[in-house]
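Trainee: Its first residue numbered 136, the sequence shown is counted upward by one per residue in my numbering.
Quick caveat, the hints were computed from the structure, so don't treat them as lab data.
Keep in mind that the hints are not guaranteed to be accurate.
As the list claims (entries may be wrong) - Across the chosen pairs, the derived CB separations fall in these ranges:
no. : residue 1 : residue 2 : range
1   : Asn190    : Pro157    : 17 to 23 Å
2   : Thr165    : Ala194    : 17 to 23 Å
3   : Asn184    : Asp145    : 19 to 25 Å
4   : Asp145    : Asp182    : 25 to 31 Å
5   : Arg158    : Ile188    : 29 to 35 Å
Computed from a predicted model, the values in this text were never measured in an experiment.
Note that the Cβ used here is the ideal one computed from N, Cα and C, for glycine as well.
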Amino acid sequence: MVVRILYRQDEDTWVATSPEVPRWTAVADTFPEAQRLAEEGVRFALDRNDLTIENYVPANTSVAA
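Working from the sequences, and respecting the hints, build out all of it.
Mentor: Spelled out as structure tokens, the structure:
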């Protein structure tokens, strides 16, 4: 199963949502933290470890490592 995670940067936080997991959100202070929480969160929410996760960040968005 492929799960898309969509990220957006608000003023001080990163927010992750997924069209495949309705009403699910992860929020973190940094992108790496948001990505980690999101990937763990969708696996937990769907109760599956065999997911293919695709991460999407809006074009022209700077992602610090």
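Trainee: A separate judgement is required for each hint: does it hold in the structure or not?
Mentor: Okay, the hints, checked on the actual structure:
1. A hinted range of 17 to 23 Å for the beta carbons of Asn190 and Pro157 is consistent with their spacing of about 19 Å.
2. For the hinted restraint 17 to 23 Å between Thr165 and Ala194, the CB-CB distance of approximately 20 Å keeps it satisfied.
3. Taking 19 to 25 Å as the suggested C-beta distance range, the pair Asn184 and Asp145 does not conform, at roughly 30 Å.
4. Look at Asp145 against Asp182: about 29 Å separates their beta carbons, and that is inside 25 to 31 Å.
5. A beta carbon spacing of about 18 Å between Arg158 and Ile188 contradicts the range 29 to 35 Å that was offered as a hint.
Against the hints set out earlier in the document, violations occur for numbers 3 and 5.
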